[in-house]
Structures are given as C-alpha cells and as structure tokens.
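Colleague: The lines below spell out each chain.
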Amino acid sequence: MQNSEELKWALLIASLAMLTMAFCMISFVMYYQKRRFEEEKRISDIEKNYNRLLLDTALNSEETERRRIAQDLHDDIGTMLSLTKLSLNQLSKLVGSSGNEKEDQIMRKSQSLVEETILHVRRITRDLVPTTLERFGLMEAIEEFIHKLEEDNNLAITFLANTDDFPRQGQKLELTLYRIMQELVNNAIKHANCSKIDIRLEINDQMIGLKVTDNGVGFDPEKIKENNLAGLGLLGIESRLAIVNGTVQYEKPEKGGASAFAQIPVMPVSDSKPEPLHPFRRERVNI
Amino acid sequence: MFEIFISYCFRNPVSCIAVFITLLPLILIILKKAYIDPTFRLLLVYLTVKLMIDIIMVRSAANHENNILFFNLAIPVNYALLGGMFYYKFNSPTLKKGIIGSMVGFLAFTAWDIFNSNPVISDLHNHRAVLFSKTVEGVLIITLILLFFYELIKSLRIPNLLTFPFFWVCSGLLLYYSSFIFIAPVLHYTATWNHSVDIGLTETIPTIFEIVCALCFSVGIYHFSAGHYAKQ
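Protein chains in written order, with the numbering used here: chain A, 4 to 290; chain B, 214 to 445.
The reader is advised that the hints may include incorrect statements.
Have a look at the derived ranges for each label pair, beta carbon to beta carbon [claimed, not checked]: (1) A:Pro268 with B:Ser438: 29 to 37 Å; (2) A:Arg39 with B:Ser438: 44 to 52 Å; (3) B:Pro372 with A:Glu50: 15 to 23 Å; (4) A:Met24 with B:Val333: 37 to 45 Å; (5) B:Ser438 with A:Ile72: 56 to 64 Å.
Derived SDA-like pairs: lysine to any residue, alpha-carbon spacing no greater than 25 Å straight-line [said to hold, decoys possible]: (6) B:Lys263 with B:Lys367; (7) B:Lys309 with B:Met270; (8) B:Lys263 with B:Pro372; (9) A:Lys105 with A:Ser115; (10) A:Lys11 with B:Leu359; (11) A:Lys37 with B:Leu264; (12) A:Lys11 with B:Ser368; (13) A:Lys11 with B:Leu320; (14) B:Lys263 with B:Ser305; (15) A:Lys11 with B:Lys302; (16) B:Lys302 with A:Arg203; (17) B:Lys263 with B:Asn373; (18) A:Lys199 with A:Thr166; (19) A:Lys44 with B:Asn373; (20) A:Lys44 with B:Tyr301; (21) A:Lys44 with B:Lys367; (22) B:Lys367 with A:Glu42; (23) B:Lys245 with B:Thr261; (24) A:Lys255 with A:Gly173; (25) A:Lys11 with B:Thr261; (26) A:Lys37 with B:Thr356.
Just so you know, the hints here were simulated from the structure itself, not pulled from any lab data.
Quantities reported herein were computed from a predicted structural model and do not represent experimental measurements.
All C-beta atoms, glycine included, are put in the ideal place defined by N, C-alpha and C.
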C-alpha cells in the first residue's frame, strides 16, 4: 500500500517536472527566436544606416567636387577670360586707330569668341552649382532650368506647383529634388523622344511630391526592375531618395508616355547655408 | 447500448472530453482548408484515426471489455502519422531518411514489445499495455519536436511563432508526450484486468494534456491561412 502511494507521488513529481521542462522549452524557443529577430533587425538597421552614410558621403563629395570645379572655372578661367577680354578691347582700340580692315575683322572675331567662351564658362558654372536654387529656392531654380531647356530644344515644358509661395526647405532636400527633376527631364529628352514634359511640385505638411510626366515612347517600369535594366540615372535617383527617406514610383499612363512620382518627407530646415561662389574663398561645403 | 455509453461518459467526463475534443481541430482543418498542406493533411488523418480508436476504446470500456489492444495498436500508427508530419517539415534529406527508418524500426519494436508484454497474445481479456513502446514513442516525438525547434531558431524564417500553425502543433505534442512519458511504462503494471492498481490523479494528467494538446492544435489550425499557403 505504502509502495503504491510512493509510486503515485514519484510519478506525479516526475510528470510535473517533465511538464515544467516542456513549458520552459516552449517559452525558451519563443523568447530566443524573438531576441534573435530583434538582433537581426538591429544589425540590418546598422547596415542600412551605414550604406546610407556611404551614399550620403559619396553624393556630398560629388557636390563638393562640382563646387570646386565651378569655383575654379569662376575664379581662374573666368578671371583670365575677363582680363583677356579687357586686353582685347584695348588692343581693338589700337587696331581700330591703325585703320587696317582685316586686322579689325580678326580682332572683332577674337572678341566675339572670348565673349562666347565667357558665356559658356558661366553656363557650365551654373550647371555645376545651381546658384539660383541656393539663393532663391526650388521653384525659381526649376523655372530657370525649364527656361534654358526651352531655349535650346523644341520642347513644351509646363511647370505647376500647388502653392505660389513654395516654402524653403533644407539644402539637401532642395538639391535632391532639383537633381531628380534634372535627371528625369534629361531622361525624357534623351530616351523618350517626347515633345511635351509636365513637371508638378506638391507640398503638404508631411510630404513633398515631384511628378514628371512626358508624352514620349514610355517604358515598362516592372520590366526594367525585373531585368535589372535601370541605368545609372534611375539608380542615382533611388540612391538620392534613399538618403532622405524618399520613394519613387514609375507609371505608364494609359494615354502614353511615362510618369515618375518622387515623394520625400518634409524635414526640418537647418540654418547652415553653403557659401555662394566667391573669388578667393574656397571652402568645403557640407550639404 | 447508447445509454451505457452516455452513462460511461458521465462517470468519466475528463476521458470523454479528451476523446470528443478531437472533433474541434478536425473540423477546423476542414473549415480552414488546412489539408492543402501535406503536414496538416497527415494531422487530419491522425486526428480521424485517433478519434475512431478512442471511440472504440470508450465503447469497449463502457461494455466492460479490455481495450488495451487498441491502445497498443494505436502506438505505431500514431508515430507513423506524426513522424510523417515532421518528414514534410524537415529540409535535411538525412533527417527525412532517419524518420522513415525510425518508423520502420519502431513498428518492428512495437510488435516485439506487444508480444513481449503479452506472452499469451490470444488472451485478449488479459491483454496488457506495452512496457516500452509508448515511452519510446514519446522520446522519438519529443526528439523530432526539439530538432524542429532547433531548425526553426537556426533558419529564422518565422518572425512571429505565435501565428505559426505548426509551432502550436509541436507545443501541444510536446506537452502531451511530456506528461505521458513517465506514466506510460507504469501502465503495463497498473492497467491490468484482474489486479489493477489505482495511481490516482497521476493517471488523469495525460488525459488533461491530451485536451490541452487538442486545444493547441486548434489554435494552430485557426492561424492557418490557405491563401497565404498558396502564395508560398
């Protein structure tokens, strides 16, 4: 009888111990799995941030290099050309007084070439560093860009913003939007064979949207993604957007052409502004 | 006949709940169309076989007949079906081969155990529970569960285990077999027709965890999504 009682207790304790172990095992698996997932997520976040930092640094370097070249063009070649123009003007007076028609003609041609070169240098400098963007903001910079394009090409470009007084954004954000707009419009001109481009800029409390639509041959965004056909331009757009937590969607409108819609969250504006192009001052600009 | 059955159910409510609660995961598998997954198809077969054997055992018990033979015969069948579920879950070919080998080996072992525990096999009235097989079945199933848990942790494929159906199935089985593993060999000595020994509450523990196991199965099947499975 006593043996039976002992057996009951032994079995009960052994079964309860085994059950406790089973419960612990289930809890451990759940806890360990959760912890490993959190750890993996943390590592993935670190990797993502690191990649973003790398991209940011690369783009900053690119902008700094553009600025340095623009500065060199402005300060060195620009100054030299201005001095050359001045010298040619003085020489022209001397040649004009001698009354030699041929010499005068060569002189005027040289003056015109120098003036043209000065204009080219100015245009290249402006293209390298969008000074209008820094001074007056995104809307003015886009308008200027469109104006220049319409002069050079037989294109109808429309630009619409959902507000007349587009608030100034941080430099990085404005530059990102400007470069993306530049890339999308250039793509449309180069590849889409279009005659009309429509640029729309929208802002609300949370997001800034930039939509570029053309009436060209269009492309299938899914096919491009599937076949890894995205060129440096589209990859560049995605890289720039990744830094500012933005997204881009490509669509193929039913009426034809292509449309790209980039969205960037509104960020607080920082006070630091890049130095304007200025002779004798060369500083590294952190955008 | 039916009255005897009902009267037995009233006298042994926990055992009868353990039998009929099997209907819950069974119906859920059909409603949620979980049978499209081969693992849950085997679980459906397992639950159907279990329900049938359990009803036969309850009927025999109600008629004061020895039902231990069904208990013994169910052991290799249960292991084959549950092992089959893990066969579909493991990716490693070695493990798959191991499971098939263990099924065949366990069938032979159980046959030997039945004959070893019952020298006069034709005497069904005094048929006794197997001495080792149920415990070995428990050890094998627990090993498969632990291996599956190890693979689950290693692969990190499931973000939330609480919504992963097979995790619930494994948890239910782990609890049930853990509760039975020490009691199973004792049944050979206590569950005899002429000299049965009462081990009290201890005997009810596996029955309670059989109910818990069925509930765990049900929760797991509830989380099964046929649409999601089709996308995989």
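Colleague: None of the hints should be skipped; say for each whether it holds.
Modeller: Against the structure, the hints come out as follows:
1. A:Pro268 with B:Ser438: 29 to 37 Å: Given about 33 Å between the Cβ atoms, the range holds.
2. A:Arg39 with B:Ser438: 44 to 52 Å: Given a distance of about 24 Å, which is not inside 44 to 52 Å, the answer is violated.
3. B:Pro372 with A:Glu50: 15 to 23 Å: 18 Å, holds
4. A:Met24 with B:Val333: 37 to 45 Å: 39 Å, holds
5. B:Ser438 with A:Ile72: 56 to 64 Å: 58 Å, holds
6. B:Lys263 with B:Lys367: Answer violated: Lys263 of chain B to Lys367 of chain B is near 33 Å, above 25 Å.
7. B:Lys309 with B:Met270: 33 Å, violated
8. B:Lys263 with B:Pro372: 32 Å, violated
9. A:Lys105 with A:Ser115: 15 Å, holds
10. A:Lys11 with B:Leu359: 28 Å, violated
11. A:Lys37 with B:Leu264: Violated: Lys37 of chain A and Leu264 of chain B sit about 36 Å apart, past 25 Å.
12. A:Lys11 with B:Ser368: 42 Å, violated
13. A:Lys11 with B:Leu320: Violated, because 30 Å separates the two Cα atoms, which is more than 25 Å.
14. B:Lys263 with B:Ser305: Violated. Lys263 of chain B to Ser305 of chain B sits at ~29 Å, over the 25 Å cutoff.
15. A:Lys11 with B:Lys302: 38 Å, violated
16. B:Lys302 with A:Arg203: 53 Å, violated
17. B:Lys263 with B:Asn373: Not OK: Lys263 of chain B and Asn373 of chain B at ~30 Å, beyond 25 Å, violated.
18. A:Lys199 with A:Thr166: 23 Å, holds
19. A:Lys44 with B:Asn373: 14 Å, holds
20. A:Lys44 with B:Tyr301: 29 Å, violated
21. A:Lys44 with B:Lys367: 15 Å, holds
22. B:Lys367 with A:Glu42: Status holds; Cα separation ~13 Å.
23. B:Lys245 with B:Thr261: Roughly 16 Å between the alpha carbons, so the hint for Lys245 of chain B and Thr261 of chain B holds.
24. A:Lys255 with A:Gly173: Violated. Lys255 of chain A to Gly173 of chain A sits at ~31 Å, over the 25 Å cutoff.
25. A:Lys11 with B:Thr261: At roughly 33 Å apart (the allowed maximum being 25 Å), Thr261 of chain B and Lys11 of chain A break the hint.
26. A:Lys37 with B:Thr356: Since the Cα atoms of Lys37 of chain A and Thr356 of chain B sit roughly 23 Å apart, the hinted pair holds (cutoff 25 Å).
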